[in-house]
Amino acid sequence: MIDQFLIPLIKILIVLNATLVGVSYMTLLERKVIAWVQSRLGPMRVGPQGVLQPIADAVKLMLKEDITPTKADRWVFTAAPVISMVPALIVYAVIPFGPTVHLFGRDVSLYITDVNVGLLYIVSVASVGVYGIILAGYASNSKFPLLASLRASAQLISYEIAVTMTLVSVILVAGSLSMVSIVNAQYNSRVWFGFVQPVAFVIFFIGSLAETNRAPFDLPEAEQELTGGFHTEYSGMRFALFFLAEYANMIVVSSVATTLFFGGWLRPFPNVSALHFLGVVPSWMWFLIKSFVFLYIFIWVRATLPRYRYDQLMRLGWKVLIPLAIANLVVTGIVKVMLF
Amino acid sequence: MPITPTHYMLLSAALFIIGVIGVMVRRNIIIIFMSIELILNAVNINLVAFSAQLHNVIGQVFAIFVIAVAAAEAAVGLGIILAFYRNKESVNIDEMNLMRW
Amino acid sequence: MFDTSELVINMGPQHPSTHGVLRVILRLDGEKVVDAEVVIGYLHRGIEKLSENRNWTQIVLLTDRMDYVAAATSNVGYCETVEKLLNVEVPRRAQYVRTILMELQRIASHCLWVGTHAMDIGAMTVFLYAFRERELILDLFEEFCGARLTYNSMRIGGLPQDIPPGWDKKVLAFCDIMDGKIDEYETLLTHNRIWLERTKGIGVISGPEAIGLGLCGPALRGSGVARDVRKDEPYSAYAEMDFDVPVGVQGDTYDRYLVRMEEFRQSLRIIRQATQGIPEGPIVGKVPRLIKPAAGETYHAIESPKGELGYFIVSDGKSTNPYRFRVRPPSFCNLQGLPRLVRGHLVADVVALIGSIDIVLGEVDR
Amino acid sequence: MLQAIAFYTIAAFILGFAVLVVTTKDTVHSVLFLVLDFLFVAALYVMLNAQFLAVIQILVYAGGIVVLYLFVVMLVNLKRPPEAHSDPHRMTKFGFGLAAAVLIELGAILVSGYMKAPAVAATATEASMPVSGNTEQVGWLLYTSYLIPFEIASMLLLVAMIGAIVLAKREL
Numbered sequence: 003m004i005d006q007f008l009i010p011l012i013k014i015l016i017v018l019n020a021t022l023v024g025v026s027y028m029t030l031l032e033r034k035v036i037a038w039v040q041s042r043l044g045p046m047r048v049g050p051q052g053v054l055q056p057i058a059d060a061v062k063l064m065l066k067e068d069i070t071p072t073k074a075d076r077w078v079f080t081a082a083p084v085i086s087m088v089p090a091l092i093v094y095a096v097i098p099f100g101p102t103v104h105l106f107g108r109d110v111s112l113y114i115t116d117v118n119v120g121l122l123y124i125v126s127v128a129s130v131g132v133y134g135i136i137l138a139g140y141a142s143n144s145k146f147p148l149l150a151s152l153r154a155s156a157q158l159i160s161y162e163i164a165v166t167m168t169l170v171s172v173i174l175v176a177g178s179l180s181m182v183s184i185v186n187a188q189y190n191s192r193v194w195f196g197f198v199q200p201v202a203f204v205i206f207f208i209g210s211l212a213e214t215n216r217a218p219f220d221l222p223e224a225e226q227e228l229t230g231g232f233h234t235e236y237s238g239m240r241f242a243l244f245f246l247a248e249y250a251n252m253i254v255v256s257s258v259a260t261t262l263f264f265g266g267w268l269r270p271f272p273n274v275s276a277l278h279f280l281g282v283v284p285s286w287m288w289f290l291i292k293s294f295v296f297l298y299i300f301i302w303v304r305a306t307l308p309r310y311r312y313d314q315l316m317r318l319g320w321k322v323l324i325p326l327a328i329a330n331l332v333v334t335g336i337v338k339v340m341l342f
Numbered sequence: 016m017p018i019t020p021t022h023y024m025l026l027s028a029a030l031f032i033i034g035v036i037g038v039m040v041r042r043n044i045i046i047i048f049m050s051i052e053l054i055l056n057a058v059n060i061n062l063v064a065f066s067a068q069l070h071n072v073i074g075q076v077f078a079i080f081v082i083a084v085a086a087a088e089a090a091v092g093l094g095i096i097l098a099f100y101r102n103k104e105s106v107n108i109d110e111m112n113l114m115r116w
Numbered sequence: 292m293f294d295t296s297e298l299v300i301n302m303g304p305q306h307p308s309t310h311g312v313l314r315v316i317l318r319l320d321g322e323k324v325v326d327a328e329v330v331i332g333y334l335h336r337g338i339e340k341l342s343e344n345r346n347w348t349q350i351v352l353l354t355d356r357m358d359y360v361a362a363a364t365s366n367v368g369y370c371e372t373v374e375k376l377l378n379v380e381v382p383r384r385a386q387y388v389r390t391i392l393m394e395l396q397r398i399a400s401h402c403l404w405v406g407t408h409a410m411d412i413g414a415m416t417v418f419l420y421a422f423r424e425r426e427l428i429l430d431l432f433e434e435f436c437g438a439r440l441t442y443n444s445m446r447i448g449g450l451p452q453d454i455p456p457g458w459d460k461k462v463l464a465f466c467d468i469m470d471g472k473i474d475e476y477e478t479l480l481t482h483n484r485i486w487l488e489r490t491k492g493i494g495v496i497s498g499p500e501a502i503g504l505g506l507c508g509p510a511l512r513g514s515g516v517a518r519d520v521r522k523d524e525p526y527s528a529y530a531e532m533d534f535d536v537p538v539g540v541q542g543d544t545y546d547r548y549l550v551r552m553e554e555f556r557q558s559l560r561i562i563r564q565a566t567q568g569i570p571e572g573p574i575v576g577k578v579p580r581l582i583k584p585a586a587g588e589t590y591h592a593i594e595s596p597k598g599e600l601g602y603f604i605v606s607d608g609k610s611t612n613p614y615r616f617r618v619r620p621p622s623f624c625n626l627q628g629l630p631r632l633v634r635g636h637l638v639a640d641v642v643a644l645i646g647s648i649d650i651v652l653g654e655v656d657r
Numbered sequence: 009m010l011q012a013i014a015f016y017t018i019a020a021f022i023l024g025f026a027v028l029v030v031t032t033k034d035t036v037h038s039v040l041f042l043v044l045d046f047l048f049v050a051a052l053y054v055m056l057n058a059q060f061l062a063v064i065q066i067l068v069y070a071g072g073i074v075v076l077y078l079f080v081v082m083l084v085n086l087k088r089p090p091e092a093h094s095d096p097h098r099m100t101k102f103g104f105g106l107a108a109a110v111l112i113e114l115g116a117i118l119v120s121g122y123m124k125a126p127a128v129a130a131t132a133t134e135a136s137m138p139v140s141g142n143t144e145q146v147g148w149l150l151y152t153s154y155l156i157p158f159e160i161a162s163m164l165l166l167v168a169m170i171g172a173i174v175l176a177k178r179e180l
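Chains as they are written, first to last, in my numbering: chain A, 3 to 342; chain B, 16 to 116; chain C, 292 to 657; chain D, 9 to 180.
Keep in mind the hints are simulated off the structure, nothing from the lab.
There could be a bad hint or two in this list.
[To be verified] Straight-line alpha carbon distances no greater than 27 Å define the calculated DSSO-like cross-link-like pairs of lysine-lysine that follow:
1. Lys-522(C) with Lys-375(C)
2. Lys-340(C) with Lys-323(C)
3. Lys-321(A) with Lys-491(C)
4. Lys-103(B) with Lys-177(D)
5. Lys-33(D) with Lys-323(C)
6. Lys-323(C) with Lys-145(A)
[Stated by the list, open to error] Facing chain A, a subset of chain C residues (Cβ under 7 Å, in silico):
7. Leu-317
8. Gly-413
9. Val-540
Being a predicted model, the structure only gives us computed values, none of them experimental.
Positions of the beta carbon are idealized from the N, C-alpha and C atoms, including for glycine.
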């Protein structure tokens, strides 16, 4: 009973809470990092160095008046933020934060579950997230959000293809769809797949920037063009949900990138016993460090690059990334058949 | 009470009927298309149920083919809807009574 | 919806990238702009009419409020026009200081432009970098005249006060800082592939067409027309300065960007020459106590950061107010080119183009 | 017991949302119900131990096809209600009659108590396959016995893609 219900429940609680806290602190991190890039200080008022800023933000957003436009489709308008938030959270069910460890006298795996279609599960759940954006744009009954949501859905669907293709080439190398097996495969092959599949990794990274609506692909919420994009008409907690979903997605993407391309919880050179001292840092810590590096790069990119235009974005997706991903997949397949 | 393939068949048949009623009653061609998707799903439920019962994944393979056909159908069908809408400003199936326009 | 009919989108007057209260009514086919109509007047304060009821000295203060990001240039332009009307000789020291102020103002204005233009295209960091340097210029202005935005920094016939001691050193020090900062902006933008894709070939306009539309300033020079009032009809101390007038080739947004970036450098060049060569002498010319120009009219234009800023003033010779006061604002003239520029481009390009012609609504509406 | 609860819950949701799909007036709401319906069908697949298909169901149906529907619904913003005009030749009554007949048959099956589990031995296919696991088995079959249908399906999708582009593009 304990193994079946209690431990998974505790794990879900921990992951969910850690995610939500992590997401809210991502907003602080983003503001701080961008501030440092731009030679500013960022939030400094709430708490020392502004560390309590996310809490202040949350309180403010919760107390804000929740406005529903008169002509909005009330039902869908309320559901849209939830629809975009939920997929971002349930993806964490299959992300392995660490291997199975011995804890309090029993073997506890540092992931909620390991399903044999783990990677496909992530892709499919992520593909449902697009509804939140489309419906938000539709339900607002306003032109700018509608334009933005059409842009967003076209963008997400296009880049999903490229990203999925790169995942397939990783699956080919790993020989499994399960996230845990993919990490183990990297242990066994003595090399992180990021070095085996550099092209796939680059495409995945660019694609995931687009999938999470981050700069330079943040067209759906291009403030300067569409006055805030699909969440123009939203306020208060509903707006916050969209915001949190974006950050949760960023964390998901970083975790997936870490797992697939950078060895998940494995320390650098896991097979070199000379580097055994690196094992001092626990496995889940390695996972978090690697993910954090990705998150940092996300923010860094945002602070540096201008924004693509819609048609250029589509051109990049369809004419560069997808053919490249397919070519990479074919080459991977050929090499795999020839050599192994 | 054990859940037998008959349960799944009944569910599938009920879903099928709902789909058929949708096709027959509604005049909005988009809804009709969605009803067809329901019908296809009813078929898939059957296939997968038998696949589970017979411990044979061939049923699931066929379900995948059905999904592929559904995707193709949706793409072409929605293309037709858009073309029709562009000419007639309508998606009412009863106004779709010409072979060409 | 997007395939079957045109969509009319109202951009502004409250919109994050219309730089104030500009309103553009866009007719879209999909995301393509079929036509654009610019609606102005949301910031109209009647400065021209107001000026006809103020005496000549008071008007300087009103000119601050036109191009509020380049107030000193407006001040100088007005004062020079009145000096022309009065036939007053301005001492060379004042001329030099005016030149320095105007060029500092040009850099400040271009800083604001490069920041907001980049921000519109999505590069947010340039904005804060540029504002950081603009702050240094504002400090210099504050030291000179006590104000940071609306300076009221000029008097008819010369300067309100002499430059503070050591100010010229600070200006030179600023020039040294600014050199590196311009390179910094260029590192972030000039060869950035996304920036190139967003600006190259956008809003292409040929030289003759740009003249036909009445474009001026960097927007005109971007199309390859080397028209610069500082060179063509020198005023203040520009005749004694050695500088180039950068021109573009293609006439697209990127060329307009390059022209302004080069103007940064040319401005620094002028500031260095002028600061090192400030002559000694009085700062105010022989201006009558009661300014009452003889009946007549005059037009005088200067090169403001946005283009040719002209003042047309009629004096009836009887009152202490101008009889007629009219401004030729560069932003206004450039703005009328916007519908031509955006036609056929995408919605995202509209903001890039609004940024590229560099308008200030205070000047457009007056 | 647990299985029965799960089945009845999921079945109720599937049928309930299906009814909502065909009865809702607002087309966008209808599309939303369709997504929910598909998600529950996917849940049913998980119950039937067909995880791969469940994921494909979500990925292709919910993430792909229905988004397409949503796109079309948003593209055709109707100025008049789509159901305004009715063709006098419609045989709605006949349709209802047919549906009723099938329903009666279903009821008959229920009443006759034909609901016991048939004892079927596992067919030999599963045992003879060199791989284990749902995904692996489906993949194995797709790429061995059903390779030609699989390729034909890919052709079909290609043709559909081209067809959709030809139909939907205004000027070619």
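Hint by hint, here is what the structure shows:
Taken as a hint, the Lys-522(C) and Lys-375(C) pair is honoured in the structure, with Cα atoms around 19 Å apart against an allowance of 27 Å. Pair hint Lys-340(C) plus Lys-323(C) does not hold up; C-alpha atoms about 40 Å apart against a cutoff of 27 Å. Distance hint between Lys-321(A) and Lys-491(C) is fulfilled; the C-alpha atoms sit about 20 Å from each other, no more than 27 Å. A hinted pair counts as satisfied when its Cα atoms are at most 27 Å apart, and Lys-103(B) with Lys-177(D) qualifies at roughly 16 Å.
Taking the CA atoms of Lys-33(D) and Lys-323(C), the gap is near 33 Å; set against the 27 Å cutoff, the hint is violated. For the proposed pair Lys-323(C) and Lys-145(A), the alpha carbon gap of about 15 Å is at most 27 Å, so the pair holds. Because the closest C-beta pair between Leu-317(C) and chain A is about 10 Å apart, greater than 7 Å, the hint is violated. For Gly-413(C), the interface hint holds, since its Cβ comes within 7 Å of a Cβ in chain A; the closest pair sits about 3 Å apart.
Here the hint on Val-540(C) is broken, as its CB sits about 22 Å from the closest CB of chain A, past 7 Å.
Of the numbered hints stated above, those contradicted by the structure are hints 2, 5, 7 and 9, listed in ascending order.
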